[in-house]
Every structure is written in structure tokens, then in C-alpha cells.
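Residue numbers (this note's numbering), protein chains in the order written: chain C, 18 to 237; chain V, 523 to 666.
Since the hints were made in silico from the structure, they are not lab data. Keep in mind the model is a prediction, meaning the values are calculated, not measured. Treat each hint with caution, since some may be false.
Stated by the list, open to error - Per label pair, the in silico range of CB-to-CB distance:
hint, chain 1, residue 1, chain 2, residue 2, range
1, C, Asp222, V, Ala586, 50 to 56 angstroms
2, V, Val631, C, Gly204, 31 to 37 angstroms
3, V, Val631, C, Leu28, 33 to 39 angstroms
4, C, Met35, V, Ala622, 25 to 31 angstroms
5, V, Val631, C, Tyr65, 28 to 34 angstroms
6, V, Val550, C, Ala234, 55 to 61 angstroms
7, C, Gly106, V, Gln571, 40 to 46 angstroms
8, C, Gly26, V, Gln571, 32 to 38 angstroms
9, C, Ala232, V, Gln571, 41 to 47 angstroms
10, C, Lys213, V, Val631, 39 to 45 angstroms
Beta carbons are placed, not taken as given, at the ideal position from N, Cα and C, and that holds for glycine.
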Amino acid sequence: MKRFYLMLGALTLALGAMLVYLLKTNPSAPRAANQAPAAVVDDGFRGYTLGSDSAPVEVTEYGDFECPACAGFAVIQMPTIKEQLIVPGKVRWRYRDYPLPMHPYSRLAAHAAQCAGEQGKFWEMHDQLFMNHSWAQTGKNPTGLFRDLARAIGLDLARYGACMESGRYAARIEFSREEGEQRLVNGTPTFYINGKMYTGRNNSDAFKAAIDSAAAALRR
Amino acid sequence: MRTRQAIALLALVGFFVALYLWLHQIGVGGELKCGTGGCDTVQASPWAQQLGIPVAFYGVVGYAAILAVALVGLQPAWLERRGPILLIAALATGGVLFSAWLTYLELFVIHAICRWCVTSAVIMAAIWLVSLAGLRTPVPRTDP
Numbered sequence: 018m019k020r021f022y023l024m025l026g027a028l029t030l031a032l033g034a035m036l037v038y039l040l041k042t043n044p045s046a047p048r049a050a051n052q053a054p055a056a057v058v059d060d061g062f063r064g065y066t067l068g069s070d071s072a073p074v075e076v077t078e079y080g081d082f083e084c085p086a087c088a089g090f091a092v093i094q095m096p097t098i099k100e101q102l103i104v105p106g107k108v109r110w111r112y113r114d115y116p117l118p119m120h121p122y123s124r125l126a127a128h129a130a131q132c133a134g135e136q137g138k139f140w141e142m143h144d145q146l147f148m149n150h151s152w153a154q155t156g157k158n159p160t161g162l163f164r165d166l167a168r169a170i171g172l173d174l175a176r177y178g179a180c181m182e183s184g185r186y187a188a189r190i191e192f193s194r195e196e197g198e199q200r201l202v203n204g205t206p207t208f209y210i211n212g213k214m215y216t217g218r219n220n221s222d223a224f225k226a227a228i229d230s231a232a233a234a235l236r237r
Numbered sequence: 523m524r525t526r527q528a529i530a531l532l533a534l535v536g537f538f539v540a541l542y543l544w545l546h547q548i549g550v551g552g553e554l555k556c557g558t559g560g561c562d563t564v565q566a567s568p569w570a571q572q573l574g575i576p577v578a579f580y581g582v583v584g585y586a587a588i589l590a591v592a593l594v595g596l597q598p599a600w601l602e603r604r605g606p607i608l609l610i611a612a613l614a615t616g617g618v619l620f621s622a623w624l625t626y627l628e629l630f631v632i633h634a635i636c637r638w639c640v641t642s643a644v645i646m647a648a649i650w651l652v653s654l655a656g657l658r659t660p661v662p663r664t665d666p
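Can you build the whole structure from these sequences, using the hints too?
What follows is the structure, encoded as C-alpha cells:
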């Protein structure tokens, strides 16, 4: 019996030490990807688009991946907008990053989406980040979750990891935010329809009406 | 006696596995060490909380209870009674059913596997099997 208690004590110590090791060696979010860069350079990139290049109307969305309203819009309204407006070629949708300062991981999420875009899967990552939005409510470092999402959409994880560590798109994201600031974006999501700020309701019916109206204005 | 000792050791390992997952869920530490698994996907899913309590916390309490009962069952006054092994079997049955449901969610609903959760499920299943074996073993009697 004494030997059993010795074994129990030793196992407790070993497992306790392992727990402390596991908790202490957790990496933080890649710093370069999660902060504004010192210098902002225009690389000519103006956002990923969805829909036909010849669509008469273009909607530009300034969004923040950590913003609940953006997630609500992406999950609830966007499927209908895609089906009724984007797929039939009535509108082209452009996504621009506008990370809000109060969100600790929105730049990291935007960077994850850019790294997915590097492998041709920006919109897949965009959808994953919004559909699995509970990460934005926990306040916990979502680096591991984003990696899981990258795996789920079939990214080359070695390339994704290197991209995140490099922070190579941080300047692009900041450029997009500054562009939004110049266009008087004052919250997320903010939309522009053919360059004009949209102030209507954020639902698919209102968008359909506004886009039809913009298309009609072009025909006149 | 060996049965209860084995259960105590298994419950201790399970307790630390659940403790790690629970500490992560309440924000202690950052990324889960998960190899190629989908631990963060599982932990960030809506099923990671039940009745407003992190699922891993149920594991912490469950393993602690099994460990405590096993240790009490090893005391001379309890060694010849069937009560502790019956209680462990009941707790482990609940644990196995709960683990099976969580594994089903991982496989068919969340579509991600958390290696730590699978480890916990395997430990709970082992405790359950050992406790069933303990139930079949006649309690030794010492005549006065």
C-alpha cells in the first residue's frame, strides 16, 4: 500500500509539472501580424472581390472580422445577397479591412484571411472567421483556432504559418484601414455602393433595392 | 484493492487532462497543445459550454469525485465494502455516456477532433471497464 501512495504522489508531481509546462509554453499571437506596422506602403491591392468583373454595380464593404455586426451580416444576409445579386452578375462585392482599435485580434484575423488569400482562399477563410465567431467573444488568443480554420479549408499549413509569422500583410491591412478613415467610415460594417456611402438598412431586401436603384441610375 | 488502485491512478491522469482543458477554457494560457488536432475548434464551439459551465469543468469534478471515492475505498474500513466500487461504476457510466456524446459531436457536428478530449474519453472508458471488472470480483472477507 505504501508503494501505491508513493506512486500516486510521484504521478501527481509529474502531471502537475507537465501542466505548468503546457500552460507556460503557449505561444502568443504572432506580433507582426497582429499590430499596425511602423510604415504603411501601398502595394496596389484594393481588396478581394466576389462576383463578375462586368457587374454594373460594386459594393465595397469595410469590415472587421471581430465585429459581431459584421459576423451577423456575413452569416445571415450575405447568403441571400450572394444568391440574388452576386451570382446573377448584378453586383460585385469588395471586402476591405477596417480593424477597430478596441478589438484585440481583428488585425490577426484580417491577416489570417490575407494569408488564405495568398493561397486563393480568402473568401473561404472570410466565411470561416465569421461562421465560427465565438472566438471573438472569448477574448482568448485565437491563433490556434485560426490554424484549425486554415486546415479546415485546405490551406498549406506550412505556408500559412510562415505567412502569419512574417506579418507581411500588416501594412496592407493598415492601408485599407487608413483608406476607410479617409472615406469617413465610422463603424463596421460600412458599405459604399458605386462609391457612395450606403446608409440604408443592413438586410438583403434593402440592399437589393439600393443596388437595383444604382443600376437603374447608370442606365438613365 | 488493485482495482481501486488502478482506478485512482487513471482518475488522477484524467483529472489533469480535464484541468488543462478547463484552464484553457477560462483563459489561462493561450493556444492548446494539440498537434494536428482541432482542439481550438472544439473548444471554441457552442458545445464547449453546457448550462453556462465549460464542459471540461464537469470532467474536473467527475475525475476528482472518482479519485476521492477510490481513495476512500482503499481505506481499511472500506476495503471490504462494495459501496465505493458501485459508486465508481455509477459515476464512470455517466462519464462514459457523456464522453460518447461529446465524441459524437466532435465527429459529426463540429467536424474536428480534440486529442485531449479523446484522451479523456479513453481514460473514462478504461475506468468504467475496470470498475465493471471490480464489480464482478467478490469482495475478500476477513473473519474475526
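How the hints compare with the structure:
no.	hint	verdict
1	C/Asp222 - V/Ala586: 50 to 56 angstroms	54 angstroms, holds
2	V/Val631 - C/Gly204: 31 to 37 angstroms	34 angstroms, holds
3	V/Val631 - C/Leu28: 33 to 39 angstroms	34 angstroms, holds
4	C/Met35 - V/Ala622: 25 to 31 angstroms	27 angstroms, holds
5	V/Val631 - C/Tyr65: 28 to 34 angstroms	30 angstroms, holds
6	V/Val550 - C/Ala234: 55 to 61 angstroms	56 angstroms, holds
7	C/Gly106 - V/Gln571: 40 to 46 angstroms	43 angstroms, holds
8	C/Gly26 - V/Gln571: 32 to 38 angstroms	34 angstroms, holds
9	C/Ala232 - V/Gln571: 41 to 47 angstroms	46 angstroms, holds
10	C/Lys213 - V/Val631: 39 to 45 angstroms	43 angstroms, holds
Comparing the model with each numbered hint stated earlier shows that all of them hold.
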